[in-house]
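Chemist: Line by line, the protein sequences are chains V and H.
Going by the numbering used here, the first sequence opens with residue 1, and the numbers climb by one from there.
Going by the numbering used here, the second sequence opens with residue 1, and the numbers climb by one from there.
It is worth saying that the hints were derived from the structure and are not from the lab.
Computed from a predicted structure; not experimentally measured.
Using N, Cα and C, we set each Cβ at its ideal position, and we do this for glycine too.
You may find that some hints are simply not true.
[Unchecked claim] Taking beta-carbon pairs under 10 Å as the criterion, some of the chain V residues facing chain H (in silico):
id, residue
1, Ile288
2, Leu377
3, Gln425
4, Leu468
So you can see what is in the structure, the chains are spelled out below.
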Amino acid sequence: MNNTLLIVLLWPLVSMVLSLLPAKEAAGKTAFALSLAGLLLSVYLFMGFVPANGMQQVMSYAWIPSLGISFKIGMDGISLLLIMLTNVLTPLIILSSFGRRIENPKAFYTLILLMQFALLGVFVALDGFLFYIFWELALIPIYFICLLWGGKDRVRITLKFFIYTLTGSLLMLVSLIYLYLQTPDTHTFDIDAFYQLKLSGSQQAFVLWTMFFAFAVKIPIFPLHSWQPDTYVDAPTPGTMLLSGIMLKMGIYGLLRWLLPTVPAAVNEYGFMIMAFCVAGVVYASCIAIVQKDFKRLIAYASIAHVGLISAGVFTLNSEATEGAVFQMLSHGVNAVGLFFIADILMTRLKTRNLSELGGIANNQKFFAVSFMIILLGTVALPLTNGFVGEFLLLTGIYMYHKWMAFFAALSVILGAVYMFRSYQAIMLGSRHLSDSDFSPLTISEKTVLVSVAALVVLMGIFPSVLLDTASPSVKALLSLINAQ
Amino acid sequence: MDLIISLIPLLPLAGFILIGVLNKKLPKGMVGIISNTTVLSSFIISFYLFLSFIKGADSYSTELFPWINAGGLHLGLSFMVDHLTAVMLLVITGVGFLIHVYSIGYMQHDEDYPRFMSYLNLFVFFMLLLVMGSNYVVMFAGWEGVGLCSYLLIGFWFKNTDYNNAGRKAFVMNRIGDFGFLLGMFLIYQTFSSLDYKEVFEAAKNYPKGDPTITAITLLLFVGAVGKSAQIPLYTWLPDAMAGPTPVSALIHAATMVTAGVYMVIRSNVLYMLSPFSGEVVAFIGMITALMAATIGLKQNDIKKVLAYSTVSQLGFMFVALGVGAYTTGLFHVVTHAFFKALLFLCAGSVIHAMGGEQDIRRMGGLKKYLPVTHITFLMGVLAISGIPLFSGFFSKDEILAATWVHSPLMFVVMAFTSLLTAVYMFRLYWLTFHGDFRGTHHQQEHLHESPSVMTAPLMVLAILSVIGGFMGMPHWMSEKLGVHHVFNEFVAPVIYSPKEFILSHTFDFSLLIGTIVALAAVYYFTRKMYVADKVVPEEDSETKSFQKVLANKYYVDEIYDAVIRKPLDAISEMFYKIFDINIIDGIVNGIPKVTNLTASAARMLQTGRLGIYLVVMVIGVIYLFAFKLLL
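Next comes chain V alone, as it looks inside the complex (with noise of 0.2 Å):
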């Protein structure tokens, strides 16, 4: 039997232990390398996979068998690109820290790690209670994450983004516990009887809009994201990495493994109404994007727009959009981290990230504005970059469900660009001079983090076929299990 995937699982949770044995000072530099030990792991997950083969290395233990809960894991194509995306950018993430003052680095890496080992697990559970438990999991570290490394008004945020998502958990603890009642006799969580079901439409729609409200805070969708940009804004940099990177994917993630295959018919009744306010969305925040002053608030309200043309794309149950929504997980995430890193570096230089007081960063910092453009290309899609591969799909795919939903969706293309390049122009351009002792150079570990981003924007963009043959045969059984019905 095939243990990489249990493997590749628990890493994480054996290099907490480890990274928590050597001296303070290097507790970075551990759970650094500890965590590209699991990306290494992961890719030899990646080569072992068979994108035909549907869900893979499923094992399965029973938990609490009077509860009809067991320790069920495995992985399809989705699944997996998500374990990628998760283990990518953990290391990135604990490489950007590198140089920052961190009190108590090891509380602080070894939360990042565990928070890691929950994103993993949610990805990877096929059993409701599990995922539960996983995706509880992920709110604590990085609830603490904020709270003790966070910004002025931390305590505040941070309760009220905790107690928000939990809201939204314990919807979802309700409507798993109703779909537990739901299967034969003796009860079960297992995902598959979840699929099996047969439920009558009000049941759908009860299931349908608790599970619904969970991932919806979670991703954001509008109106329920104003938790978002605060948070988002307070977190430290890793901690909004974490959030906007993997973490909001798991919202997304949910719908399509959990939410869609299970309440078809309802989806099928609502989708139309969940489309037009992921899409009202996307429009309300470029809009708000376009007015920020402070540019960690404008990645913030840019990445709304984002994962609210994610979620739309998810409801059209058509393949082009769903296979561009996976694939725009993975770009939105990697192009998010890149975008928080930057407004970090402006940051820690320059102790703002206000537009009106920056500028003239590209005469003296040829590789830093290189790298930003290219950062930036990505999330404006231009093509040939993996912003656009995303996106592309996904509008073609929301076109085919409904013209006008894309007519206004697609106005993102114009209003993304708008303060994308707003706000490159503040901070980069113009006449303003920074010498070397204004705006140090970048260290070796900033360089790594901003040229491994726009690499990846680039390759992903150019070679986007990888990633999308890997997810195809998985988008098209979850369709067809969903058409199915």
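Given chain V's structure and the hints, the job is docking chain H onto it.
Modeler: Chain H alone, transformed into the frame defined by chain V:
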């Protein structure tokens, strides 16, 4: 063959990467050599392909690798070279190469010379991608890529905020066009289940003329063309784009990129022919743009701005041709325009170079004796664009006029009048720049000099092309006499259908010819009298009055856009943010715990700790329960 075809775009890309990465580590000479040889090699390969077409080759296609496969969508990063592409390849790599050569002289002393040359290479790569793609998405990749290069090069001197704004404006306005292009592609995919030219055009043959879906597709695609080719209402970025270094204006904003919209319509001619309504729209937009831009051109005093409005106007001419169905004529004008407009811009660059950066023609005059080569070549360009018989512009413009005559005499009148305006503003520019007395500062006069030969050599080549380039498309009466054919039409005939009805009677041709000669002679005489004999110099900006002021201010279109689009968008966004997001949405969210708190505080009042009250409440409760039970 596959490899050779792929090399055409990949060589300039390699040049970009090499120069971009090594940047200032490369000696300046090497930068020039790398950037020039890559484009020259592409030109040689293109020429080789061109020859093979003359020998009867059909078309070449090759796929580098599969690009985006998802659902029913199968897009390869694939190239196709047919006769239409071959023409574009020669223009892009040929004129592109000449401008690369010129740039060595023009930009060598700039501290960011390697960056400039690498951007030029990148531009050529994307432009080649645009015309070589074998499906709409690859075209779109090139399309947005050239837009990016345009942005980067307009704002090349990024210390200047105005230049940066101009670059950003160009990108955003192009994005508005791209928005239409994207929707057009989605509709194509929905209709034909493919985005490959071959499959789409093959399937389109089953559609009747006037099919509403096809009309929608063609109109949406045309929105893209309007953005890229600077037509009304998305043209205002092009005059601003003159902020870029002059070789950029010549290459991107005159000879190649801005004709991408024309190329796209010609490429989709199968679709456009199915939609007479879209044709009318294309022709109408082209006509209005041509006329409006020409009137603005009359009152501009910046040498590059005059040429920019002239470009907008000439692009309008091309769209008129496409709109009335004369696709080969439109393409022909793309080619001749590339020659003479690139020439005019490069000459302007030479003038600006000599004048130490001065661009205002009110400060020039009498440059003829200081810049002899520039003067002669510029004059060739002026004669060509004005449509003086036997110069290249004459042939292509004549064809356009003939086509409009067939389509609608009214349109013919407007376009003929616009041609006249073209001659007026071009001669005005010519006289004011090269004749009369020098009006600049003494300091400028001392430094006047002819440009080095690395700059004048491209001028001479382009001047020759501007003079003789038209003979590849001779009108019927001429070709009949000489016993040769309209070689241009014949070359592209396998891919573009050129209807016979545009060939008019010789009487018409002759009257048009005579009319042209008379009108141009009059223009020559009157402008010469005004600007040379009477030494009229355009007044300073503050003195301009009435309608002239409207023209000088470009009909206030920028101001109108600002008031109608930009400001409302900002206001709505502010409202979304400050009122809706912070107060309403977040207000409700924050309201929930507040309500919870209030309820909790209210409920706490009940717990007073006095036994009496508890007892009363308990008794009421018991009575209530009994009453409840009895009632049931």
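Chemist: For each hint, tell me whether it holds in the structure or not.
Modeler: Evaluation of the provided hints:
1. Ile288: Because about 5 Å separates V:Ile288 from the closest Cβ in chain H, which is inside the 10 Å limit, the hint holds.
2. Leu377: 7 Å, holds
3. Gln425: Hint on V:Gln425: holds, closest Cβ of chain H at ~5 Å, below 10 Å.
4. Leu468: 5 Å, holds
Against the hints set out earlier in the document, no violation occurs for any number.
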